[in-house]
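From first to last, the protein sequence lines stand for chains A and B. Each residue of the first sequence is one higher than the one before, counting from 1 in the numbering used here. Each residue of the second sequence is one higher than the one before, counting from 1 in the numbering used here.
Since the hints were derived computationally from the structure, they do not count as laboratory data. Treat the hints loosely; a few may be bogus.
Unchecked claim - For lysine-lysine, the following DSS-like pairs were computed, each having C-alpha atoms within a straight-line distance of at most 25 Å: (1) K330(B) - K91(A); (2) K91(A) - K326(B); (3) K332(B) - K132(A); (4) K131(A) - K167(B); (5) K91(A) - K312(B); (6) K131(A) - K332(B).
As the list claims (entries may be wrong) - Facing chain A, according to a computed beta carbon distance under 7 Å, are these residues of chain B, among others: (7) Y88; (8) D141; (9) G194; (10) G211; (11) D244; (12) T329; (13) R333.
As the list claims (entries may be wrong) - Listed next, the stretches of chain B that the computed footprint assigns to chain A, with coverage defined by at least 3 CB atoms under 8 Å from CB atoms of chain A: (14) 181-192; (15) 203-210.
The C-beta atom is built at its ideal place from N, Cα and C for all residues, glycine as well.
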Amino acid sequence: MALLDVREVTMKFGELVANDKVSFTVEAGTIVGLIGPNGAGKTTLFNCISGLYKPTYGRIFFDGDDITGCTPYEIARKGAVRTFQVVRPLKDMTVFDNVLVGAFLKCPDNREAFERAAECIHICKLERFQKKMAGELSIGGKKRLEMARALATKPKLLMLDEVMAGLTTTEINASVEVIRHLRENGMTIMIVEHVMEGIMPIADKMVVLDGGVKIAEDAPSVIANDERVIEAYLGAKYSQRFKAIRGDEIHG
Amino acid sequence: MVKALKEKSLSGKDAAWLGFIVVLLVLPLIPAFVSNSFRMHVMILILLFASMAQAWNIIGGYCGQVSFGHSVFFGIGAYGAGMAVVTYGGTPWPGILIGMFAAAAVAIVISYPCFKLSGHYFAIATFAIVEIFNRGFLVWDWIGGALGLDYPMIKEGLNNLMWHNSKIGYYYCALVIFIVIFGVVRWLEGHRFGYYMRAVREGQETAESLGVNSTAIKLTAMALSAAMAALCGAFFVQYNLRVDPPMVMSLDTSMKFVLVTILGGSGTLVGPLLGAAVLIPLQEYTRAFWGGLGGGVDLIIFGLLIIIMVVKQPAGIIGIFFYLKKQFTKRKRLVKGVEHNGAP
Chain A
1 MALLDVREVT MKFGELVAND KVSFTVEAGT IVGLIGPNGA GKTTLFNCIS GLYKPTYGRI
61 FFDGDDITGC TPYEIARKGA VRTFQVVRPL KDMTVFDNVL VGAFLKCPDN REAFERAAEC
121 IHICKLERFQ KKMAGELSIG GKKRLEMARA LATKPKLLML DEVMAGLTTT EINASVEVIR
181 HLRENGMTIM IVEHVMEGIM PIADKMVVLD GGVKIAEDAP SVIANDERVI EAYLGAKYSQ
241 RFKAIRGDEI HG
Chain B
1 MVKALKEKSL SGKDAAWLGF IVVLLVLPLI PAFVSNSFRM HVMILILLFA SMAQAWNIIG
61 GYCGQVSFGH SVFFGIGAYG AGMAVVTYGG TPWPGILIGM FAAAAVAIVI SYPCFKLSGH
121 YFAIATFAIV EIFNRGFLVW DWIGGALGLD YPMIKEGLNN LMWHNSKIGY YYCALVIFIV
181 IFGVVRWLEG HRFGYYMRAV REGQETAESL GVNSTAIKLT AMALSAAMAA LCGAFFVQYN
241 LRVDPPMVMS LDTSMKFVLV TILGGSGTLV GPLLGAAVLI PLQEYTRAFW GGLGGGVDLI
301 IFGLLIIIMV VKQPAGIIGI FFYLKKQFTK RKRLVKGVEH NGAP
């Protein structure tokens with residue numbers, strides 16, 4: 001049985017249909033990438049899964065339980081923890097204390113929680129900043145802080161919402177490094193991402209949304225050659241050029 | 001790695017603890033040096049207001065929910081003790097406990113709907129609650145109505161929590177309350193609940209995404225804060241030997257809870273003590289010396305101080321210390337840098 005099972009989730013805001021009968025599964029131990037152009041409904045879907053929105057229609061199962069309509073903290077306690085695309089550091093707390101708040105979820109004991117927080121700060125390479133106020137970090141640091149904080153809760157499913165968007169190449173590499181490390185330790189991860197070079201090499205499966213509808217669900221190598229996906233992303237004209245380039249590659 | 005981190009953070013913590021222990025050692029000795037009754041009165045009020053502010057600090061400072069309703073809990077505590085003595089002719093002790101539980105219960109009942117509101121709207125709702133309770137208590141005969149409760153002359157001592165000839169008993173009583181409340185907050189600061197409170201203050205949605213039930217945290221913090229405020233109220237009535245609704249359940253009293261904390265530095269352990277140590281002497285001495293000018297001079301100075309503080313140092317008096325510390329470390333680093341440059 002899949003760890004996360006999204007069944008025909010539909011989310012309407014008045015007349016606007018942000019997600020239309022989206023279904024997919026996330027198997028334990030895999031990395032699933034959720035991609036799509038701007039406004040495709042990726043973050044809305046994330047919000048539905050993490051309990052920020054209650055879907056208009058459809059059901060979401062996590063670890064065998066129906067979590068449709070549960071509150072965000074209930075879902076987090078069950079083990080599905082997310083980060084935010086627009087970073088939300090707890091500004092007037094230190095970086096370490098931020099991570100500590102996450103660590104307290106599964107380690108109520110102070111000593112254990114401190115150790116867990118230190119471990120996650122190490123994984124996300126935030127040691128240098130741990131005594132700084134979270135509000136003072138650079139954007140790359142804040143994105144890694146989001147990851148460290150979610151990671152500290154010992155989640156079964158880590159949901160990352162655009163943790164690489166707007167970063168420099170070095171910072172992207174640092175983030176990819178972190179995700180690789182997590183995957184080696186058997187963490188199940190779901191990533192919303194725009195940065196293709198970041199997500200393609202690490203994902204086991206890609207789910208593509210366009211206009212609120214799922215248009216593809218397959219391995220990254222297949223997705224990269226899927227015409228509908230290329231069209232949705234780049235437009236038909238570019239899609240032709242893309243094919244030409246790829247043709248060169250194949251011949252070369 | 002964890003070890004290194006702990007060692008580093010110890011030095012700062014040690015200093016804070018040392019300061020706190022020194023204060024705790026000095027405070028009990030004060031009656032030996034201060035014989036003047038008025039000065040004792042000021043000292044008692046400083047301890048009382050520091051405790052009140054610290055009680056407010058739990059929900060207002062750490063948890064970030066600015067409540068103007070704390071005079072209600074203060075009043076409930078005062079009436080708890082007052083009625084045990086005046087209406088039922090017993091010792092105030094059971095009344096104090098009942099008052100604390102009643103205040104916590106009332107806090108939960110009125111906060112639950114209020115917490116659905118956020119930010120300024122929460123503050124406005126708590127304003128309204130003070131007025132409702134004030135009017136309600138004024139016409140409620142069972143608790144004494146507008147006349148209030150006047151204490152009879154009964155035997156002094158710990159049993160009746162009352163002293164007639166000297167203020168030393170009251171002083172130590174206030175000191176115990178001060179230590180209890182500051183101790184509770186100090187403990188909370190370093191444990192899960194304290195971190196969760198601050199997380200809720202800094203970002204409720206973020207906290208929820210990490211598995212924090214923010215409503216439960218806010219309600220618990222409010223109940224705890226209200227019970228502490230009620231304890232202070234009980235002491236107040238024992239010290240004053242009289243209570244009526246406008247004395248305790250007024251916006252004036254509510255404002256004191258808020259202003260003392262904010263002036264000292266909200267969300268910090270020593271802030272409430274600093275605030276009370278500055279504001280209370282100011283208030284009492286201006287009232288004593290310039291009270292004849294027509295009343296309210298102390299409030300004018302109070303107001304001026306708050307304006308200056310809000311404009312110049314929004315973090316409160318403790319912000320000045322943080323600023324000085326930062327300047328100091330900066331200079332130290334500069335000096336070190338020069339040394340490094342000097343050595344080839």
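To see whether the hints hold, each was checked on the structure:
1. K330(B) - K91(A): Measuring from Cα to Cα gives roughly 22 Å; hence the hint holds.
2. K91(A) - K326(B): holds (19 Å)
3. K332(B) - K132(A): holds (19 Å)
4. K131(A) - K167(B): violated (46 Å)
5. K91(A) - K312(B): Roughly 21 Å between the alpha carbons, so the hint for K91(A) and K312(B) holds.
6. K131(A) - K332(B): holds (19 Å)
7. Y88: violated (42 Å)
8. D141: violated (44 Å)
9. G194: violated (10 Å)
10. G211: Result: holds, 4 Å to nearest chain A Cβ.
11. D244: violated (41 Å)
12. T329: violated (12 Å)
13. R333: Violated - the Cβ of R333(B) stays beyond 7 Å from chain A, reaching only about 15 Å at its closest.
14. 181-192: Contact hint for the region 181-192 of chain B vs chain A: holds, 3 residues under 8 Å.
15. 203-210: holds (count 7)
Of the numbered hints given earlier, the model fails hints 4, 7, 8, 9, 11, 12, 13; all others are met.
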